[in-house]
Amino acid sequence: MEPKIKIRSITREKIEEDFFASIFGKFFSEVTSLTFFALRFFKEVLKPPYEFNELLKQSFLVGYKSFPLVAITGFIIGLVLTIQSRPIMVKFGAVSMLPAMVAVSLVREIGPVITALIFSGKVGSGIGAELASMKVTEQIDAMQVSGTNPYKFLVVTRVLAATMMLPLLAVLADAIGLFGSFVGVNLNGQVSLSFFFLQVFQSVDFNDLLPAVIKTFFFGFAIGMIGCYKGYYANTGTEGVGKAANSAVVFASLMVFLIDMIAVQLTSLYQN
Amino acid sequence: MTENAVPINIEQDTLRNGSFVVEMVHLRKSFEDNHVLRDINMVIKKGENLVILGKSGTGKSVLIKCIVGLVDCDYGSLIIFGEDTSQLSERQLIEMRKKIGYLFQSGALYDSMTVKENLEFPLRRQIDSIPKEKLNSLIREALENVGLVKAIDKMPAELSGGMRKRLGLARTLILKPEIMLYDEPTTGLDPITSKEISKLILEVQNKYNTSSVIITHDMECARLTADRIVVIKDGMCEAEGSYDELKNSTDAWIRSYFE
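Quick note, the sequences are listed as chains A and B, same order. Just so we're aligned, residue -6 is where the first sequence starts under the working numbering, counting upward by one. Just so we're aligned, residue 1141 is where the second sequence starts under the working numbering, counting upward by one.
Derived DSS-like pairs: lysine-lysine, alpha-carbon spacing no greater than 30 Å straight-line: (1) B:K1239 - B:K1274; (2) B:K1239 - A:K40; (3) A:K50 - B:K1238; (4) B:K1274 - A:K40; (5) B:K1294 - A:K50; (6) A:K115 - B:K1294; (7) B:K1238 - A:K40; (8) B:K1387 - B:K1373; (9) A:K236 - B:K1205; (10) B:K1294 - A:K58; (11) B:K1335 - B:K1205; (12) B:K1339 - B:K1290.
If the Cβ cut is set under 10 Å, some of the chain A residues that face chain B in the computed set are: (13) E123; (14) S126; (15) G140; (16) N142; (17) F146.
Stretches of chain B that chain A covers, calculated by requiring three or more beta carbons in the stretch to come under 8 Å of a beta carbon on chain A: (18) 1242 to 1250; (19) 1257 to 1266.
Calculated directly from the structure, the hints in this document are not laboratory data. Bear in mind that the values here come from a model prediction, so they are computed numbers and not experimental data. All C-beta atoms, glycine included, are put in the ideal place defined by N, C-alpha and C.
Isolated chain B (complex conformation) (with noise of 0.2 Å):
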């Protein structure tokens, strides 16, 4: 543990606080003998944008993958709102899931569908019997938050790069997600549109009061967006603080991501 870094000690919070959307208590995971993740221990506070850095194959995406589900932790606790994921049933895990977005690096985005289909198709999923101009109000309405509204009949191999990722954050703002997983959101962009991203993670949290987690390499996007960073090295939490603090780190190690 570095100088800079605050030691995270579940234990001795209290746990369950309702200030806490997401809480990791000695979390680990591995590929056979692959040890991605060692023990991680952390929270995730309402309303705050956790940025987590940490070189590649540190397990920074595997990590969220734990939250949204898409890979089960091998040992540790992981409460999500207040529930402790291993004692839900399936059911109640695609409940859970449904409030939690999650933005893949790579967008995602269903190539067979338009630009409306793609933001179509996770309503239809989750709103039963949704009335026809509803679901336009609401696709529009995402349109609009990520300036795509001119696009809304494309198909995704029409968009760019950039557009490509606003759409994949507006099929994930459909639902209203109460937290929002970022896997990496502007990597392969020009500055110029990472910023344009980072500022709409800033305005999708202050409209709709989301918790998110952004795993990035960009700098600039984790000065932009972070309440908080997390260092994970070899599959650990090495040190947690602000942009500021962990820029001006005694330890070397960690000053090197700000330099």
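The shape of chain A in the complex, shown without the other chains (with noise of 0.2 Å):
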């Protein structure tokens, strides 16, 4: 005898659908709502009142306390690429070509994407967390009831500094990895630090140097926009404030190479 109710058949790829459905659906409409919260940046930020002080502040934070940070980073860079592209430059026989090719890749690639990477983990996490605590502890909602805009005066000014800032931080990691590479050339053998940068010059031109800064722009905008975004829109309670965090780097540093990816197609489509 037949049953009367018939149990639907779970099946494995059922299953699969739904799941790829769920992670496709949270995926676009994360992706929906995080270009909604963008398109407001531009249009606020044109707007009166100007926060310049809260921008100021957010420079510093951003920028100058960022500095210590990327200027390490930015040495050892230099340093290890050299140390490890000696031993195949002496197989081809190029050593004297070691500094022109650190230059290249630390300014054309390396120095901005690694200054872009350390920077969503500090201040991408940084914003995120802040943020999505001062949801959870309702000063964002206090802001709003005392007549601020709470985006105006939170989003658009960390987001303008991190979009200011992140350009003149990888330019000083540029440089200081430079410095690393010379002190990586000098540990097996003897140059001048003018013959260094002599060399470091006749490779790198301006075509190489305006696309890596130009990225910059873009790497510190997603990252200060995916930063606010992940913060402003926290679930309440302590989870909530680890989880923006968390997301916000995440996110953060795979858009850092998504953008990377298609400046890199770009350039490459106007240098030829």
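Join the two chains into one complex using the hints; note that each chain is given alone, in its own frame.
In structure tokens form, the structure reads like this:
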């Protein structure tokens, strides 16, 4: 006899279909929400009143306070890149090209990307955690009640600060990285500082530096925006703060690579 | 509706009567399937202290968040100072909000700012180009009102629970609002500090003639501060009256709040 109640057969395919539908649904809803959040920035940034004092404060916190970390990382990257590249350059009899090779790698790619990743770890997570904590403790609501536009005060200033400071930090990281490379070159030989930098400037021109600097503006914008978005829409509770900080770093780092990929493609089109 | 409850029939009252600062007519608010406010009809009279009682999750906080504009209601009219809020532009709503003070349950103090900066923040944003002397005197007056002058340079993390509430109150009062909304002002405080906060609420009412809405579970606070009490049940106004009227209600459920 046929059973009266039919039990729905749950197949592996069905579970996978639901799982992927849920993952993609969440992803696209997140991307849409982030896009609207980012579009609001362009509307608010031009509208007075302007929060200059908060912008200066955030620029100090985001830029100046990140400098030591970026400087140390830049120095180590320059040094390590030189030490690691040296044997292969020796093998090809091109050891004299070492400063030029390191300079091009640093300025075009490694400097901006590593700085952006460090920046996303420090600043992106910081912004995410700070805003999430403000959300959880109703500080954002308190701002709104007191007649302040919290998006303008909190988001616009932080995103602008991140967008302006990251290019500066990346250029400084490049310079310190080159100095690290000079130290690396001198570990196994004797090269004067002037000769080293002469080789560097012969190999690197404006066309290497400009696209690299331009893309750091986009990195900074993405890191600031994602940090703010994750914090602003954090779930209530202490767990929400941790999640906001964590997902801000993960999402921002992913976005850095995505922007870099697009930037490299565009640059190569222009340079060819 | 209980025996002691006075039905609040807004339609029969004279709407836009100058003695009402807030009028709520058939107010409803849902969060997806959760119908928090089902049908709220209530008025807040000028200069009165209205206490709202009700079990947790009955929509008391949502109700005052609707008044201050942190939450938009789904249905019904919310008339503040004689103006229907649904007809106001964003700019007009911001202007209206300046006349409404909100004391958050947690205090919602800005962690990264000192006590002085916490008070400076709303002032600088609402009063254009305020002279420094005037700013300092307003801050001092606000801190004197709540007895926190000595803590002016401290960070919020260095303050006790009672001090945080008092600072939250000072930050709200510094703008001299016409309506004060208190979200559980005595929660988490010892009985002595709770009594101090209740007295402070009364002082504020007397000094600035503000209309206040006080959400509380603290019956001592309700007794001390209330001119009128409204009890909310399942997102609707269940009963209304003075402290003594509701205490002697024939409805056992209403009486249970006072036992």
